[in-house]
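Next come the chains, spelled out residue by residue.
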Amino acid sequence: MAIETKRLLTTSKAISEGIAQEMERDPSVFVMGEDIGTYGGIFGATEGLLAKFGPDRVMDTPISETAFIGAAVGAAISGMRPIAELMFVDFFGVCMDQIYNHMAKIHYESGGNVKVPMVVTTAIGGGYGDGAQHSQTLYGMFAHLPGMKIVVPSTPYDAKGLMIAAIRDDNPVVYMFHKGIMGLGWMTPNPRATAHVPEEPYTIPIGKADVKREGRDLTIVTVSLMVHRALDAADDLATEGIEAEVLDLRSLVPLDREAIIASVMKTHRILVVDEDYRSFGMSGEVITTVIEGAFDHLDAPPVRLAYPDVPIPYSRPLEDFCLPSRDKIAAAARQLMGR
Amino acid sequence: MPDNKTLRDMHYEMIRIRLFEETIQKVYFEGKTPAFDIAAGTVPGEMHLSAGQEPVAVGVAAHLRPSDAVTATHRPHHIALAHGMDIRKLAAEIFGKETGLGHGKGGHMHLFDPATNFGCSGIIAEGMPTAVGHALAFKKQGKDDIAVSFFGEGAANQGAFHESLNLAALWQLGVVFVCEDNAWAISVPKDKATAIANNSDRAAAYGIPGVLVPDNDPIAIYEAAGEAVSRARRGGGPSLIEVKTDRLFGHFEGDAQAYRTKEELALLQERDAIRAFERRLIESADLTASDAQNAWTRARAEVDEAIDFARSSPYPEPSAALQHVFA
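Going down the list, the protein sequences come from chains V and B. For reference, each letter of the first sequence is one residue, going 1 to 339 in the numbering used here. For reference, each letter of the second sequence is one residue, going 340 to 666 in the numbering used here.
Quick caveat, the hints were computed from the structure, so don't treat them as lab data. We treat Cβ as the ideally placed atom computed from N, Cα and C, and that holds for glycine. A couple of the hints might just be wrong.
Residues from chain V that face chain B, not an exhaustive set, calculated with beta carbons under 8 Å [to be verified]: (1) T66; (2) A67; (3) G70; (4) V73; (5) M80; (6) Q98; (7) N113; (8) V114; (9) P146; (10) G147.
Taking lysine-lysine pairs in the DSBU-like style, the calculated list, with each CA pair at most 30 Å apart, reads [unchecked claim]: (11) B:K601 - B:K583; (12) B:K478 - V:K115; (13) V:K52 - B:K478; (14) B:K482 - V:K52; (15) V:K115 - B:K479; (16) V:K52 - V:K115; (17) V:K208 - V:K6; (18) V:K52 - B:K479; (19) B:K482 - V:K115; (20) B:K601 - B:K531.
Over 10 Å on every C-beta distance to chain B, these chain V residues come out as not near it, computed from the model [stated by the list, open to error]: (21) T194; (22) E199; (23) E214; (24) D232; (25) D327; (26) R334; (27) G338.
Bound conformation, chain V alone (with noise of 0.2 Å):
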């Protein structure tokens, strides 16, 4: 009998990767930013890219948000498909203008006639002790904003196909990994952040959530880092004899409402858990969207597990108050369960 060997990567590789066979399929494919030439992207994003592709398609940055992602929007308009670093999420500030104003409205505001096909990857998350300009995810904000795909990966395997499929996208695509995915030698280890990832190119669709577990008695939706802490505290629970669906949104835009309605239809109820602040955010659309949708279905009211609307400390102790985690979504749960 012959044994399977599988190939393993890491979610920065696995995205690497990707950009890598999309750079080798088209010409029109670059990436710039702060320190993803040489360095491989502060979070792995890039490594390998530079001495594959040279200085002229890995091409490193000055500092200079505004300017280098205003660039890759003008590049795009001219027929380039460029892939802009902007190194950690929090530092949209600095370039928020050519970001929101710039990139995201300029194929609405010209009917449709000009189309900017971009991708900006970015780095969000916290639980690390990075402090506030440093550790938020804020993909609800970005969501919130006509005009962008907002990917917000987990895995290895869903990076590597939502990155292509964000290349190929003829539309501006945000996105987002967290640090808690890549795999990076220097976190605490995840050891879903390394995965089987396939050799060949292949794309995931933006806009399909994933069931990343099955269950019958309540839906827990999340993205990214979160859908890691929710399927250990669904190991848990199922020891408690509570099966929890885990959903992966993978994309907040577009949204895959029906599936959320889908799950929520099988197990009658829902936790949301979310790493981004918690009004105005995620959780409060996800549960918009069953109270709208699948509302009679409800047995129970849903819950929300989400970031305290506070920046985030430091300290640690501090910091992992605010962070939902593997025991806080299974006390979630079991409130929701009645137990």
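Since the structure of chain V is provided, determine the placement of chain B on it from the hints.
Quick look at chain B alone, frame taken from chain V:
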């Protein structure tokens, strides 16, 4: 020195722009009197007209081809027309009509035209990074097309100005940065906002040529732009040009301009660049008086036709507001 045909074309183009702006001004106040209501009338919203700044647009655009990218500002009509944008589509967009450039979704500050690779931004200095990107694309594609970024003197104090000049210089991209110094950032004069007299001096900070054109003179602008455009086209990198130009109207229509003296406004009328240019061409026998008159008549007809087209065009279906968010 531009040849005779170019001189005559520039003359005609400046007149066409002036008549367009004056006509839009009239149209803009339809339905807005006696009490000014910005939302009322044929054309709602803010309206930033470019009368007086025509020399900058035509002097630069005379060197461009439609595939060259141009980014402009909240005051974009002169640049758009000089670069060859369809005047009817421009007028219709200003009227918010279905036949407009963006089917009424952009409006006068947000004009995007693939036919002339034209774009603009209503945000000060934020059209500049896009121009850098167009030039970057052309370099990667092996084309000798260039990008021109127009901006006002107020924009030179924005971060985007400095980031864009540095990046274009660093990567030796074919960008011509054109500063239209009309002396006023809305109501704030240049000397109250900018630590130095001439933004062209700032080119030195990026190791690129900086040229000051001290007069609102289309020929001087043509010559300065010619050098910068050919440098950019042959791969010689970016340049910065600053032109001392005149804003004949208010910042936007409805601006009472209490911050400017009557004397200043009268002086601007007196030194109107179009009339001065016309006199000069007649004196140099590049144009006869009757040629000049014909140009005004022809331009009048072209503008009127465009305005009629815009006026008679249908509005978009209201629900079309939901289209074109995504490709």
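Now for the hints, and whether the structure bears them out:
{"no.": "1", "hint": "T66", "in the structure": "holds, 5 Å"}
{"no.": "2", "hint": "A67", "in the structure": "holds, 4 Å"}
{"no.": "3", "hint": "G70", "in the structure": "holds, 2 Å"}
{"no.": "4", "hint": "V73", "in the structure": "holds, 5 Å"}
{"no.": "5", "hint": "M80", "in the structure": "holds, 5 Å"}
{"no.": "6", "hint": "Q98", "in the structure": "holds, 6 Å"}
{"no.": "7", "hint": "N113", "in the structure": "holds, 5 Å"}
{"no.": "8", "hint": "V114", "in the structure": "holds, 5 Å"}
{"no.": "9", "hint": "P146", "in the structure": "holds, 5 Å"}
{"no.": "10", "hint": "G147", "in the structure": "holds, 6 Å"}
{"no.": "11", "hint": "B:K601 - B:K583", "in the structure": "holds, 20 Å"}
{"no.": "12", "hint": "B:K478 - V:K115", "in the structure": "holds, 20 Å"}
{"no.": "13", "hint": "V:K52 - B:K478", "in the structure": "holds, 20 Å"}
{"no.": "14", "hint": "B:K482 - V:K52", "in the structure": "holds, 24 Å"}
{"no.": "15", "hint": "V:K115 - B:K479", "in the structure": "holds, 19 Å"}
{"no.": "16", "hint": "V:K52 - V:K115", "in the structure": "holds, 29 Å"}
{"no.": "17", "hint": "V:K208 - V:K6", "in the structure": "holds, 25 Å"}
{"no.": "18", "hint": "V:K52 - B:K479", "in the structure": "holds, 17 Å"}
{"no.": "19", "hint": "B:K482 - V:K115", "in the structure": "holds, 20 Å"}
{"no.": "20", "hint": "B:K601 - B:K531", "in the structure": "holds, 20 Å"}
{"no.": "21", "hint": "T194", "in the structure": "holds, 34 Å"}
{"no.": "22", "hint": "E199", "in the structure": "holds, 28 Å"}
{"no.": "23", "hint": "E214", "in the structure": "holds, 31 Å"}
{"no.": "24", "hint": "D232", "in the structure": "holds, 35 Å"}
{"no.": "25", "hint": "D327", "in the structure": "holds, 40 Å"}
{"no.": "26", "hint": "R334", "in the structure": "holds, 40 Å"}
{"no.": "27", "hint": "G338", "in the structure": "holds, 42 Å"}
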